[in-house]
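Enquirer: Chains A and B are the protein sequences, given in the same order.
For the first sequence, the working numbering begins at 1 and goes up steadily by one.
For the second sequence, the working numbering begins at 1 and goes up steadily by one.
Please note that the accuracy of each hint is not assured.
According to the in silico footprint, chain A covers these stretches of chain B (three or more CB under 8 Å from chain A) [what the hints assert, rightly or not]: (1) 80-87; (2) 464-472.
Partner residues are not named here, just some residues of chain B that face chain A (Cβ under 8 Å, in silico) [to be verified]: (3) P39; (4) L42; (5) Y90; (6) P202; (7) D267; (8) F271; (9) D275; (10) L276; (11) P278; (12) R280.
These are computed hints drawn from the structure, not numbers from a lab.
Small disclaimer: the values here were computed from a predicted structure and weren't measured.
Beta carbons: idealized from backbone N, C-alpha and C, even for Gly.
Okay, here's what each chain looks like letter by letter:
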Amino acid sequence: MPFSSLSEIKTRLDAGETSAVEVAKSYLDRIAAHNNTLNAFVHIDPEHVLAQAEASDKYRSKHEARPLEGLPIAVKDIFCTQDGPTQCCSNILKDFHAPYDAHVITKLKEAGAVLVGKTNMDEFAMGSSTETSAFGPCRNPWNTDTIPGGSSGGSASAVAAALTPAALGTDTGGSIRQPASLCGITGLKPTYGRVSRRGIIAFASSLDQAGPMTRTVKDSAMITAAISGHDSADATSVTDAPGISSLNEWLAACDKTDMKGLKIGRPKEYFVDGMDDAVRTTVEAALKQCEELGAEIVDISLPHTKYAVAVYYVIAPSEASANLSRYDGVRFGHRCDNPEDLLDMYTRSRDEGFGSEVKRRILTGAFALSSGYYDAYYLKAQQVRTLIQQDFIKAFEQVDIIATPTSPVTAFKLGEKTDDPLTMYLSDIFTIAVNLAGLPGLSQPCGFADNMPVGLQWIAPAWQEDTLLGAASAYESATDWTAKTPEAFGGGAT
Amino acid sequence: MSWETVIGLEVHCQINTKTKAFCGCSTEFGAEPNSQTCPVCLGMPGQLPVLNTVAVDKSILTGLAIDAKINLESKFDRKNYFYPDLPKGYQISQFAVPIVEGGYIDIPTKAGEKRIGVTRIHMEEDAGKSMHEGLEGVSHIDLNRSGVPLMEIVSEPDMRNADEAIAYLKQLHQLIRFLEVSGADMEKGQFRCDANVSVRRPGEPFGTRTELKNMNSFRFIKQAIDYEVLRQIEVIEDGGEVVQESRLWDSVKNESRSMRSKEEAHDYRYFPEPDLPPLRVSQKEVDAIKAGMPELPGQLRQRFEVEFGLSPYDADVLSQTRKLSVWYESLVAAHPADPKRCANWMANELLGRLKEAGKDITDSPVSASSLAGLLDRIADDTISGKIAKDVLDAMMESGADADRIIEEKGLKQVTDSGAIDAIIQAVMHANPAQVEGYRGGKDKLMGFFVGQVMKASKGQANPGMVNQRLKALLNE
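All chains should be built: construct the whole structure from the sequences, respecting the hints.
Expert: In C-alpha cells, the structure reads:
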C-alpha cells in the first residue's frame with residue numbers, strides 16, 4: 001500500500017475499500033517514522049491533515065467524489081497556504097503565515113485533495129541539492145548519504161520514500177525534473193503560462209512554473225489537470241491555453257502503449273563528454289527501447305545549448321534580485337533587533353535572514369542589471385535566450401518530441417558540491433533550456449547507474465503536454481522502473 | 001554677457017481611476033491609514049500585478065490630446081530602490097518603451113504662442129507615504145497610496161524662464177482636468193512637479209542641470225526656479241561649477257538644499273517587468289478613444305471667440321474646465337439671443353458669487369436655464385442690469401427663478417413714459433438751480449439728473465428711457 005500510485009489509491013477510495021482518513025493516517029505514520037532520517041517535510045500538522053481527510057470522507061458520503069477526492073498531496077514550502085507557515089525554507093520568512101492560498105492550492109482544495117504538509121527545498125528554490133534550506137538538508141531515500149536533488153528535493157524525497165503519494169514542486173531551471181530524476185520518480189514542468197504563479201513565492205518570474213511530482217505518468221496528468229487554467233490575477237497565465245484541457249483529455253493522453261510513428265529527437269549537445277558514462281549508457285538504452293516501441297530516433301542539434309547555463313545564471317538572478325527586495329524587514333518576515341537606523345535595519349535584517357546562496361544570486365543579479373553592465377549581461381542573455389527558443393522551434397519542425405538525460409549525473413553526496421557553486425550550477429545543464437524556452441518537460445525513471453536512479457527527460461513543443469504524456473506513458477508501460485522503490489524505506493523491487 | 005535659463009519639467013499626475021494600477025483597492029483620498037491595501041499593493045510574497053485598463057485608456061487619451069504618438073506595444077519595467085514606503089522594493093514603471101511618445105503643448109508667452117515639446121508620457125505606480133513628524137525614534141508608513149496609477153509627463157528642455165514653465169504647467173494642468181483623466185488637485189499631491197534647471201550663455205551647449213523636487217504649488221515652482229537660476233549664475237560667476245544634483249525646495253525658508261549628488265544618485269537597475277506581458281493596444285482601440293475625445297480647451301476657446309464673439313478673457317474663463325464650458329453652452333442654448341451677455345453674466349456675476357460661496361459650477365443653486373430666465377428679463381427690459389444683480393443675489397439665496405423674485409419684490413422696471421416723466425418733473429422741481437445750470441450749458445449735470453431719477457425710482461426706471469426723457473424735458 002505505501003508505494004501505491006495516486007490512481008491506485010483513488011480506485012480503492014472510489015470502491016469504498018479505504019477512507020481518506022485511513023489513507024492519511026498511513027502516510028502520517030510513515031512521515032513520523034522516516035522524516036527524521038530524510039528531512040523531507042519541514043512542516044506537518046497531523047491534526048489538520050486528518051481534519052481535511054475527515055471532511056473529504058464526509059463530502060464523498062454526500063456528493064460525487066471530486067477528481068482528487070481524499071488523495072494526499074504534499075506541497076513545497078514555496079506555495080503560500082493559509083494553513084500553517086510558508087517559509088520558503090528561509091530564515092527571512094521564519095514563521096511567516098500567508099493570509100492567502102496560492103491559486104494552485106485553491107485548485108487542489110477544490111479538487112478534494114488532502115494537503116499533507118510543506119516539503120523541504122533549497123532556500124527560495126535556489127539550489128540543486130536541497131542543501132541551502134534553512135531547515136537543514138534533505139536526503140535521498142535511495143542512499144541517505146546523497147542529496148535528493150533540488151530545489152524541490154523535499155517533494156521528490158517524500159514521494160520516492162512514499163511519505164506521500166504525490167507532491168507539488170516548482171521548476172525554474174529544473175527544480176522539478178532534476179530531483180525527480182535523482183529520486184527515481186516522475187516530475188512534470190508544464191508549459192510556462194499553463195499554471196498560475198499567484199501565491200507561489202517568486203524566484204525568477206519569467207521561468208517559474210509549478211508542477212506535479214508523482215510515482216506515475218498518469219498521476220502527474222491528474223494533478224496537472226487540476227492545477228492548470230487561467231487565473232485573472234496572474235497576467236502571465238494564459239487564457240484558453242491551446243491543447244488539452246479537461247481531466248479526461250489529460251488522462252487519455254496517458255493511454256499510449258507504443259510509440260508508432262513518433263519521431264524522437266536526440267540532441268547531440270545532451271550526450272556529451274563529461275557526463276556520467278553510466279547515465280549516458282542508461283539513457284541510450286532507454287532510447288533503444290523507444291525504438292523497439294516503434295519510435296524513430298532522429299539525431300538533431302540544439303546549437304545554443306552550451307549557452308543555456310550562462311544565460312540562466314544572468315536572467316534568473318536578475319529577476320530574483322528584484323523579487324527578493326520585498327524581504328526588507330519592514331512589513332513581514334525577519335527584522336533585526338534594535339536597528340540603529342533604516343540602513344542598518346535593511347542590511348542586518350537581510351544579512352541575518354538570507355543564506356549565502358541567496359545572497360550570491362541577489363548580488364549576481366543586481367550586478368548584471370546595474371548601469372553600464374546591463375547591455376553586456378542582461379540584454380545579451382535575453383538575446384541568446386531567443387536563440388535558444390529558436391533552436392527548439394527549428395528542432396520541432398523535424399521531430400515530435402525530444403529525449404535527453406534529465407541530469408548529467410546521479411545523486412551526489414551531501415556536501416560534495418556545496419563549496420563549488422559553479423559545479424553545482426552544472427547539475428541543471430540539461431533542464432535549464434526548457435525553462436528558457438517556456439516548454440513543457442517531463443522526467444521519468446529509466447534505470448539505475450551504480451544503484452542510483454537515472455531520469456529520462458522528454459521535451460515537447462509548447463502546449464503539447466499530451467505528446468509528452470503519450471511518450472512517457474508508452475515508455476512507462478513497457479518498463480518497470482516506476483515500480484522500483486527504495487528498500488530502506490519499506491520498498492524493494494516489486 | 002547675459003545668461004539663458006533652460007528648463008525641462010517632469011509632472012507626476014495621478015490618473016483618476018476607481019481602483020489602483022495593479023490591484024482592486026480603492027484610490028479614495030484621505031481614508032484611514034493602510035485601510036485601502038491588499039496583499040498585492042502590500043508587496044506580499046507571491047502576489048502579482050494585473051494592469052488596470054482604465055489607466056491605460058486615460059494615458060492614451062492624454063497622449064492623443066497633445067498630438068503624440070501612441071505606442072501600440074509598450075512595456076513595463078521594474079525600477080529598483082529600497083524605501084520603506086515602496087513595498088516591493090521596486091516600482092512598476094515604463095522605462096524603455098512608454099505608452100506615449102512625442103507631442104507638444106502650446107503656451108501663451110509675452111512674445112506670442114510658444115510650442116513646448118513633450119518627450120513622453122509613461123504609466124507607473126505611486127509609492128506609499130512615510131510619516132516622521134511628531135514621532136520619536138520611529139516612522140509610520142501609510143500604504144493607501146501604494147499602487148495608485150500615475151502618468152509621468154516629461155517635457156523637452158524647451159522653457160527659457162520660470163514664467164514659461166508656469167505657463168506650461170498651467171496649460172497642462174488645465175488640459176488634464178479638461179480630459180478628466182486626473183483630479184490634478186495639487187494639495188492632494190495629484191499633480192506634482194520636478195524641474196530640471198540649468199543656465200548657459202546664449203548659443204552655448206546646455207549647462208549642468210540640477211533637479212528641483214518637492215514643489216506642490218505654482219507659486220513655489222516659480223520661486224524655486226528663480227532661486228535656482230540665480231544660485232547657478234552666482235556659482236558660475238564666482239568661478240565655480242554647478243554640481244549635478246537633486247535639490248529640495250523649502251517653501252518656509254524660501255531656499256533649496258542639496259538632497260543627493262550625482263555620485264549618490266540611485267542606480268535603478270531597470271529591467272523588463274516579467275510579471276506583465278507587453279502592453280498591446282490596437283489601432284482600433286486608439287481610434288475609439290480618439291473619437292470619444294472632448295473638444296480641447298484651446299479649440300473651445302477659439303470657437304467661443306469666433307462663434308459667440310466672446311472676448312479672449314471670457315472665452316478663456318469659460319473654457320477652463322469641461323463642466324464650465326458645458327454649463328456655458330447650455331446657458332447659450334437657453335438664451336440664444338445674446339451669447340456675449342451669457343458669457344458676461346456667467347463669468348463675472350455667477351462665478352464670482354459661486355467663488356464667494358466656495359461652490360463649484362456643478363453645485364450652483366442657479367441652473368443654466370434659470371440664469372437664462374434672468375437674462376431674458378434684462379433683454380425684454382423688464383429689469384435693468386443693475387436690478388438684475390440684486391435678483392441674482394436673491395436667486396443664489398433661495399434658488400427661486402427670476403420671474404418670481406421680480407414679481408414678489410416688485411422690481412419690475414418702469415418703462416411707462418408717463419410715470420418716468422412724472423419722476424423727472426419732480427426731480428426738476430426739487431432742483432431748480434441745477435435745471436438752470438444745465439440749461440445754461442453745463443451738460444455734465446445730465447449725470448446728476450440721471451442719478452437723482454434712478455434713485456427716486458429705486459433703480460427701477462429704465463435707464464435708456466430715463467436718458468431719453470430727461471433730454472427731452474430739460475431741453476424743453
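Enquirer: Each of the hints needs a verdict: does it hold here or not?
Expert: Hints versus structure:
Residues of the region 80-87 of chain B with a Cβ under 8 Å from some Cβ of chain A number 4, which satisfies the need for three, so the listed coverage holds. With 0 residues carrying a beta carbon less than 8 Å from a beta carbon of chain A, the region 464-472 of chain B misses the three-residue requirement, and the given coverage is violated. Because the closest C-beta pair between B:P39 and chain A is about 6 Å apart, less than 8 Å, the hint holds. At a threshold of 8 Å, the smallest CB-CB gap from B:L42 to chain A is about 6 Å, leaving the interface hint in force.
Given hint, B:Y90 at the interface with chain A, holds; its Cβ is 5 Å from that chain's nearest Cβ, closer than 8 Å. Annotation: interface hint on B:P202 violated; nearest CB of chain A at approximately 33 Å, more than 8 Å. At about 5 Å, the closest approach between the beta carbon of B:D267 and any beta carbon in chain A falls short of 8 Å, and the interface hint on this residue holds. Hint status for B:F271 relative to chain A: holds, with the closest Cβ pair at about 5 Å, below 8 Å.
Given hint, B:D275 at the interface with chain A, holds; its Cβ is 5 Å from that chain's nearest Cβ, closer than 8 Å. The criterion of a C-beta within 8 Å of any C-beta in chain A is met by B:L276, whose closest approach is roughly 5 Å, and the hint holds. Taking 8 Å as the C-beta cut-off, the interface hint given for B:P278 is violated, the closest approach to chain A being about 11 Å. Annotation: B:R280 was flagged as interfacial toward chain A, and the flag is violated, the nearest CB pair being 12 Å apart, outside 8 Å.
The structure shown violates the earlier hints numbered 2, 6, 11, 12.
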